[in-house]
Amino acid sequence: MSKLLEIALGVVTGIGGFLEAGSLATAAQAGAAFGFRLVWALALGTVCLAFMVEMAGRLASVSHHTLPDAMRERFGIRFFLVPLVTVALVSFLVLASEIGGVCLALQFATGVPLRWWVAPVILGLWLFLWKGTFGMVEKGASLLGLVTIAFVVGALKLGPSPAELAAGLLPSLPGHDPAKYWFIAVSIVGASVSPYLFYFYSAGAVEDGWDESYLGINRIVAGGGMAFGGGIAAAVLVCAAMVLHSGGIQVDRYEQIPMILSSPLGRWGFRLFVASLAIGCFGAALEIALALAYLVAQGLGWRWGESLQPRQAARFALVYTLALPLAGLVIVTGIDPLKLTIFSMALTALSLPVTVVPLLVLMNDPQYLGDHTNGWLGNAAVLAVSVVACVVALVAIPLQIFGG
Amino acid sequence: MLLGRDVLDQQVIDVAGHEMGKVDGVGLELRDGEPARVAFIVIGGTTLLWRIHAGLARWAERRLGGEGHRARIPWQQVLKIGVDVKVDVKAERSRALHWERWARHVIRRIPGS
Amino acid sequence: MSAAREVRLERLLGKLVVDAAGVPVGRIEELEAEPAGDAYLVTHAHLGPESHVARLLAFGHQLPTLRTLGIGRKPRMRRVPWAWLDLSDPERPRLRRSVLEDS
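Protein chains in written order, with the working numbering: chain A, 1266 to 1669; chain B, -6 to 106; chain C, 6 to 108.
Treat the hints loosely; a few may be bogus.
Each computed EDC-like pair below joins lysine to aspartate or glutamate, with the alpha-carbon atoms no more than 16 angstroms apart [stated by the list, open to error]:
(1) A:K1404 - A:E1472
(2) B:K79 - B:D(-1)
(3) C:K79 - C:E34
(4) B:K73 - C:E39
(5) C:K20 - C:D91
(6) B:K73 - C:D43
Hints were generated in silico from the structure; no laboratory data involved.
Model the full assembly from the supplied sequences, consistent with the hints where possible.
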């Protein structure tokens, strides 16, 4: 495949695969509650994400190690256990929210309550992973995910004031409800900088056989894909701001959210919303389940690979085969999928340093990156965002739980 | 060569190019009056437990009556140390893949595996 | 015929080494080995800081951003010839000399 085509495909995949339960829910809540005031959090999260995805790709291309593989090698099993357990737990909750998102979309579409959809959705996800290849997961779901461009269409139709939008890019203190403001701000960062993305991306770079000649492609795909993908999340925020915030409608229950598209786009808006939610969450669930399997298998040295037959990588296949129904059980308990989603995004932000610090140590180690170690900007930006997000989350999460 | 950095926790690849596991342990042979020799590498079993918590490892070995399903590969069979550790062993025959074979047995019933 | 004993690298790493006078010297961070014919022989042990706080600060030293900010200290490492180590009790490695002998 020509490099240009690979770049185009990579960027498009990044865009289509960006929106999922977390970014959708946090952006919608942010827009509804605070108008454009939280655009800066989205921009910050997206920029940090772009840096980190590029790093994961560079690590894989130059060292030929995936991230979990390199972490185990560099830090030993004792230190590796910390990110392993933390990321596994948090990703598991995010997986449950994505499954909840798909079931919710199906509830919107058919009226059948979401708990009934858990089993068929789990089966569908599992079949896709069992029989599919890496290419199918990476490109298939993400290309279909381009339906989320509907939010951009809706946002343009609603005609936001560019001046107000630009003002939102500057961090500002909230006029009201500061605990909720900062809670949503860290949730947005957590939704953008999800660790499962790096594990998925680095495994993909190794599966696709990337080497040093791919460093340029990596930069464009990571930067372009994530930046444009963030634009879609921004569109969700804009729609929510213009439809709900102006109307004084708070997003507390998920039934309210489809309004943000059905208002500008009518009946088709509703259908596109449902499709976006279903496809976005389905794709994300596939990636998280795989990321969990990559994390365990690569950290422990098992044979792994989505493109392999399950019996060729049996333990690897067992991880996602067990993770999916367990995550589904969480939704079956009847927990509110919106609350679960937002909460798991905040938890992601809280646990960011655990993922980020080992990655940064690796990215500055010439043993792994040779001449391609990090520049000062990438180091500083990523470290700053993750430490600040963690500290703010430490304060905001308890306040939200005990204050709200 | 630094044993911790270059050998321990590295990926082990067999003659067929397949992953066998990680170097969970390295065995040194101490001889009186002579320098210690790097004798073997260990994959699997209770080896990792010893590095996480010695008490847990001792308990596990008591219950299992030994080191569990672990593979010892003599140092002479280590071919190359680089991005990973290549060994002159067929993974399929090795105890290192005991749990992989068990998992294969479990999923064999599922169609399409 | 010299008696041979087996000792595991991964169980040595992190163990505190004490010198002949009972003074803590450092924790075993690494072992260096050199090829000698067909075999690899262990030549040196690298001893790092004994306190866990110092080891944590050493970790921070690996991040350029923290280094610039002054957080994180380069750890003081000692490279000790293997022959100086007495591993008759692998849980409590000892140095056959006293560190006061070296300046």
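Given the hint that K1404 (chain A) pairs with E1472 (chain A), does the C-alpha gap stay at or below 16 angstroms? holds (14 angstroms)
Below or equal to 16 angstroms on CA atoms is what counts here, so check K73 (chain B) against E39 (chain C). holds (14 angstroms)
Run the distance test for K73 (chain B) versus D43 (chain C): straight-line Cα separation, threshold 16 angstroms. holds (13 angstroms)
Holds or violated: K79 (chain B) with D(-1) (chain B), Cα cutoff 16 angstroms? holds (12 angstroms)
Taking 16 angstroms as the top limit, are the C-alpha atoms of K79 (chain C) and E34 (chain C) close enough? holds (14 angstroms)
Pair hint outcome, K20 (chain C) versus D91 (chain C) [Cα-Cα no greater than 16 angstroms]: holds (13 angstroms)
When each numbered hint is compared with the structure, no violation occurs for any of them.
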